[in-house]
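What the sequence shown shows, in numbering that gives the first Met the number 0, is residues 0 to 333, in sequence order.
PhoX-like, lysine-lysine: derived pairs with alpha carbons at most 25 Å apart:
#1 K273 to K87
#2 K87 to K237
#3 K6 to K273
FRET-style restraints, in silico, Cβ to Cβ:
#4 K194 to L326: 32 to 38 Å
#5 A165 to F113: 17 to 23 Å
#6 F42 to N4: 29 to 35 Å
#7 M301 to A209: 25 to 31 Å
#8 R151 to S235: 15 to 21 Å
#9 Y172 to A135: 23 to 29 Å
#10 V203 to A179: 26 to 32 Å
#11 S19 to A209: 18 to 24 Å
#12 K194 to R281: 31 to 37 Å
#13 P307 to F142: 48 to 54 Å
Derived from the structure by calculation, the hints contain no laboratory data. For every residue, glycine included, the Cβ atom is placed at its ideal position computed from N, Cα and C.
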Amino acid sequence: MSNSNVKFWLAIVASLMLLSVILFLSLSYGTIDIPFSSVYQFFTFDHASLPAMTNVILSEIRIPRFLLAILVGAGLAMVGALLQTVTKNDLADPFLFGLSAGASAGVVAVISHFDLALGQWSLPVAAFAGATLSAASVILVFFLQKSQGVERLILSGLAVSFLFSAITGYLIYTGDQRSASNILFWSMGGLGLAKWENLPFASVGVIVLALFTMLRWRSLDAMLVDEDTSNSLGVSVKFLRVTVFILSALSTAIFVSLSGVIGFVGLIVPHLAKPFSGPSHRYLLPLCAFIGAMLLSASDLMSRVLIPGQELPIGLMTSAIGSVFILFFVLRKK
Numbered sequence: 000m001s002n003s004n005v006k007f008w009l010a011i012v013a014s015l016m017l018l019s020v021i022l023f024l025s026l027s028y029g030t031i032d033i034p035f036s037s038v039y040q041f042f043t044f045d046h047a048s049l050p051a052m053t054n055v056i057l058s059e060i061r062i063p064r065f066l067l068a069i070l071v072g073a074g075l076a077m078v079g080a081l082l083q084t085v086t087k088n089d090l091a092d093p094f095l096f097g098l099s100a101g102a103s104a105g106v107v108a109v110i111s112h113f114d115l116a117l118g119q120w121s122l123p124v125a126a127f128a129g130a131t132l133s134a135a136s137v138i139l140v141f142f143l144q145k146s147q148g149v150e151r152l153i154l155s156g157l158a159v160s161f162l163f164s165a166i167t168g169y170l171i172y173t174g175d176q177r178s179a180s181n182i183l184f185w186s187m188g189g190l191g192l193a194k195w196e197n198l199p200f201a202s203v204g205v206i207v208l209a210l211f212t213m214l215r216w217r218s219l220d221a222m223l224v225d226e227d228t229s230n231s232l233g234v235s236v237k238f239l240r241v242t243v244f245i246l247s248a249l250s251t252a253i254f255v256s257l258s259g260v261i262g263f264v265g266l267i268v269p270h271l272a273k274p275f276s277g278p279s280h281r282y283l284l285p286l287c288a289f290i291g292a293m294l295l296s297a298s299d300l301m302s303r304v305l306i307p308g309q310e311l312p313i314g315l316m317t318s319a320i321g322s323v324f325i326l327f328f329v330l331r332k333k
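From just these sequences and the hints, can you work out the full model?
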């Protein structure tokens, strides 16, 4: 086994161990603290000896919340890694290309103007519509340009992102003001609405990204060299780039509809994973999934325990971590 493989598997094992610790802490701490002994009893199926309230809190609130954090964290990290590869931009993530902004506009429109007309499907459908429209706009603007380099794609994404952010602001201003507080909390990210029935939606996004990686990791590796070399190796760079962009848009729509807007996970995690996985996507994407799950579940735990009796938006935690990371990244590059 090569040294790079050893580092990869050590990182996987370390991530699993840390996730186990975060799991017990997440189930124990919150608005109502639960002793570790009770959590242990729950996992040994000794439910009868536990108070009914403890069983409800663990089974209906905290376990679905932890699982959603794992799925959303893993998915956002994988999206970030894919976008950074196809754009050759170390700072690429769903925010840079307007994907999160489009999904946000769709969800805000439903919350402030349409009052969840489709029931539990309202937010996922609205997020899908917004992210798909955003992705289509970026691709259209990109292909209408004479020069179609990576920098043009990034600029197209930024333009569309600003446009959808403006639309979101307009929808908030003209919508039902009674929903403003819900929109504010949702726009900063949160897992407080996690339910068992939401988990299959998030699972679909992660599974699609994982299957794509399994089938196309060699093509993604070929993207690490210049575009002419990639084409000479039989990789259709434009097709792969558009495919990744569409998959990223649809996956981001799912995650945003379930957890709100959570930034920096897709930006940070690929840089944390590469020293242990190397550049090959065969190892990079799985490790990104593990580290992303760990980062978001830890951030969710912090958001619930920093201020006793009060839950902070999870986006505050990831933004604080992300700002420190960007400063470190800039100083290191300098």
